[in-house]
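Colleague: Each chain, letter by letter, is given below.
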Amino acid sequence: MTVSAAAAENVTSPHDRPAADRSRFRVNPNVVAQRMGGDVVLVHLRTNQICELSDTSARAWDLLTSGADKGSVMASLESEFDVDPAQLRAELDDFLAVLIERELIDANDGR
Amino acid sequence: MTVADLAAPRMDVGAGAATGWVAALGAWRDGDSIVAPAGRNRSLRLVGGGAPRPATAHVATCGVVFDGVLHNRAELDRRLEGVAPAASDAERVARAYLRWGADMLPHLRGLFAIVVWDGERDQLFCARDRMGIHPLYYAEVGEDLFVSSSLDALVALPSVPTTLNRAALADRLCGRWSAIGETYYAAVNRLPSGHAMRRTSRGVESYRYWDPAPLGQPMQWVRDDAVERFDDAFDRAVSRCLDSGPAGIFLSGGLDSVSIAALAAENSRDRGYPVPWALSLAFPDPECNEESVQRGVAHDLGLPQAMIPFDVAAGRDGLLMSALELSRTSAQPLLNFWLPAYMHLAAEGQRRGCTTILTGSGGDEWLGVSSYLAADLISAFDFRGLYELWRTQRKSYTTSSWSLVKDMAWYFGGKPLLTGAAVEMLRRTAPSVLDANKRRFIARTTPDWVAPEPELRRELNERAERNTGQPEFGQFYLRTMKRALDHLLPTLEVEETFDAGRRLGQRKLSPYWDADLVELLFRIPPDVLNRGGRSKGLVRQAMARRFPHLGFEAQKKVVAVNYFASVVHREWQGGWERLGGVPTLERLGIVDVSKMEPTFRELLATQQSRKYFNMWDTINLEVWARERC
Chain L
1 MTVSAAAAEN VTSPHDRPAA DRSRFRVNPN VVAQRMGGDV VLVHLRTNQI CELSDTSARA
61 WDLLTSGADK GSVMASLESE FDVDPAQLRA ELDDFLAVLI ERELIDANDG R
Chain Z
1 MTVADLAAPR MDVGAGAATG WVAALGAWRD GDSIVAPAGR NRSLRLVGGG APRPATAHVA
61 TCGVVFDGVL HNRAELDRRL EGVAPAASDA ERVARAYLRW GADMLPHLRG LFAIVVWDGE
121 RDQLFCARDR MGIHPLYYAE VGEDLFVSSS LDALVALPSV PTTLNRAALA DRLCGRWSAI
181 GETYYAAVNR LPSGHAMRRT SRGVESYRYW DPAPLGQPMQ WVRDDAVERF DDAFDRAVSR
241 CLDSGPAGIF LSGGLDSVSI AALAAENSRD RGYPVPWALS LAFPDPECNE ESVQRGVAHD
301 LGLPQAMIPF DVAAGRDGLL MSALELSRTS AQPLLNFWLP AYMHLAAEGQ RRGCTTILTG
361 SGGDEWLGVS SYLAADLISA FDFRGLYELW RTQRKSYTTS SWSLVKDMAW YFGGKPLLTG
421 AAVEMLRRTA PSVLDANKRR FIARTTPDWV APEPELRREL NERAERNTGQ PEFGQFYLRT
481 MKRALDHLLP TLEVEETFDA GRRLGQRKLS PYWDADLVEL LFRIPPDVLN RGGRSKGLVR
541 QAMARRFPHL GFEAQKKVVA VNYFASVVHR EWQGGWERLG GVPTLERLGI VDVSKMEPTF
601 RELLATQQSR KYFNMWDTIN LEVWARERC
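Here the protein sequences line up with chains L and Z, keeping their order. Residue numbering for the first sequence follows this note's numbering, beginning at 1 and increasing consecutively. Residue numbering for the second sequence follows this note's numbering, beginning at 1 and increasing consecutively.
Worth flagging that the hints you see were computed from the coordinates, not collected in a lab. Careful: at least some of the hints might be erroneous.
Said to hold, decoys possible - A few chain L residues facing chain Z, derived, Cβ under 10 Å:
1) ASP21
2) VAL27
3) GLN34
4) ARG35
5) MET36
6) VAL41
7) VAL43
8) HIS44
9) LEU45
10) THR47
11) GLN49
12) GLU52
From the three backbone atoms N, C-alpha and C, an ideal C-beta is built for every residue, glycine too.
Please put together the full structure from these sequences, using the hints given.
Modeller: The structure is reproduced here in structure tokens:
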């Protein structure tokens, strides 16, 4: 069982969660991702921007690109890291905002 | 995940994150990854968490950090006893050091950065591969010494000062290049290619351990079987690159990349490797568009091809903005203006599974013949040879015949001879006149808008006086070839290529920078390099036979100088406005904006395109420095 699937099981029903947590994301088709050890390098082929994700952000990227919604990503990271949930949520929000701003992902809104 | 991550996850997203290892010699601290103890309370250890981690080994009194690849493992294992087949390259190096000491380096073939703690002699020993493909930088901070193949990783350490080297930045704006051991950080030094260094209680001392053609010694020319030996060495160089993984080739329409593609296609099929991808850029300017040749070569070799329009590869915001963005996040200010487009091409290769990119870089340096041969021919009264050189250049380059006459007779011929002789004479008879001349020359070649601050200007002048005016007499051809080993410019180019590959998780390799091949090409006489009466004769004839309909027998070198000028001219204003000028360089005392701006406006208005590189480099240095101040 994947980590994201295991995390998703901890949630009784996806409909119990706020709508924002059910947001899913799609990798921009112009983005190439390459894993380097524990890090991930993203190259946006239209803007030529290079983003280097290390440690936790690389893990969050893996979860997002496996199709997990935001709530599942939160749950997975919360189970893997000893971290205050409020802090994690704030950082995940920031992280997603940067990814969207840089057009690395699109919000899919669960459709 | 490390404990630190668990306690404090950071959602860091951005470019330019410090990746790479740092080997530190100094006091032991909790949590360090120790390679070897180094006396009381000291150790050689790995600090920082950057990936990828190098191999390490500790054998007897010797601790080793090894980053790179060895090409001659089997040969080494035969000569070193007790090396298990599964041993790491770090262990091989440790055993080699235990057997030969610092003299192990001629026994090693490969691309590497090596750090050795020698417990018996109580000293640290470092080396960079012969052509310097793997960078190696170091910083001395008090008693501690930090060594790394990544500048970013070094300056990310809290104890390494990040003060910029203002004089090196200002030098660059004067068209002068700093000493090869300097970096753009004041506290960080570079170990040049083919060099080793020791750090003992007396300090750091470095020396060249590999010299393909020592000056003053008779040259052992290879003439009779030069072509066969070249073919073997070239095949081995390409083969070594292909061993790194599924490959893509940056395929232009020039002889360098085409010759590599031809050999790589054949070599891959013979060895059961995936057929390499041809990765090509289609330039919009007809003067440098080589699309028909690029397509023809890929078709004839049966290579799958990705042909990307240059404007797409340059990025949505244009090449100038892409280049500035890349420079901002690079370890050193960008050197290759075209790099963003090639990074894009590399990423396209990555999407197709290429983990290794082969480039034709180095072909101009090592397959071609320097025009400074003219000075040697004139001093030997070999005017027939001079005529042959002129004919070869005329048939190989688009420069006009008359310009070539001037170049051969004066710029590359008479002038260096006379200047060398005059400098030597003045040095002996009137050194004060020589010094005054030198100062006038420096003042003339330093733009009035560079280094307005008196202290920096004084430092700049002192550096220029130290680095210019050394008389060079005789062996001009060899000296020019050796400059490609000892000069900062090619070194920066090689380091930039290495970093670009590392950032994308690829290896970028250039067979023409293979040390064994370069050593051979040093020894092949110029007339053999120009066989057939055209430049790059060693590969030209073979390519003309291999692709009879593509015109390689008479192909002239394609250059993108005019296209570069058109890009800068078109995109300059937008770039300048988005950048908001060069306040960082001004604050550092490197430029005087009140004098610089009118100069640049004048250059643009009068389209003095030869000076556009200087303009571009100014904003290039600004974005790089701004990120670090």
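Colleague: Quick check on the hint: HIS44/L CB to chain Z CB, less than 10 Å?
Modeller: With a minimum Cβ separation of about 9 Å from chain Z (threshold 10 Å), the hint on HIS44/L holds.
Colleague: So, GLN49/L near chain Z? Judge it on the closest CB pair being under 10 Å.
Modeller: holds (7 Å)
Colleague: Hint check: is the beta carbon of VAL43/L less than 10 Å from a beta carbon of chain Z?
Modeller: holds (4 Å)
Colleague: Does the CB of ARG35/L sit less than 10 Å away from some CB of chain Z?
Modeller: ARG35/L check passes; min Cβ-Cβ to chain Z is 7 Å, inside 10 Å.
Colleague: Take the shortest C-beta to C-beta distance between GLU52/L and chain Z; is it under 10 Å?
Modeller: holds (4 Å)
Colleague: Report holds or violated for the interface hint on VAL27/L, using the least CB-CB distance to chain Z and a cut-off of 10 Å.
Modeller: violated (12 Å)
Colleague: Classify the hint on MET36/L as holds or violated, based on whether any CB of chain Z lies nearer than 10 Å to its CB.
Modeller: Nearest chain Z Cβ about 4 Å off; hint holds.
Colleague: For the hint on VAL41/L, does the least C-beta distance to chain Z fall short of 10 Å?
Modeller: holds (6 Å)
Colleague: For the hint on GLN34/L, does the least C-beta distance to chain Z fall short of 10 Å?
Modeller: holds (4 Å)
Colleague: Classify the hint on ASP21/L as holds or violated, based on whether any CB of chain Z lies nearer than 10 Å to its CB.
Modeller: violated (17 Å)
Colleague: Given LEU45/L was flagged as interface, is its beta-carbon under 10 Å from a beta-carbon of chain Z?
Modeller: holds (6 Å)
Colleague: Using 10 Å as the Cβ threshold, decide whether THR47/L counts as touching chain Z.
Modeller: holds (5 Å)
The structure does not agree with the numbered hints 1 and 2 stated previously, though it agrees with the rest.
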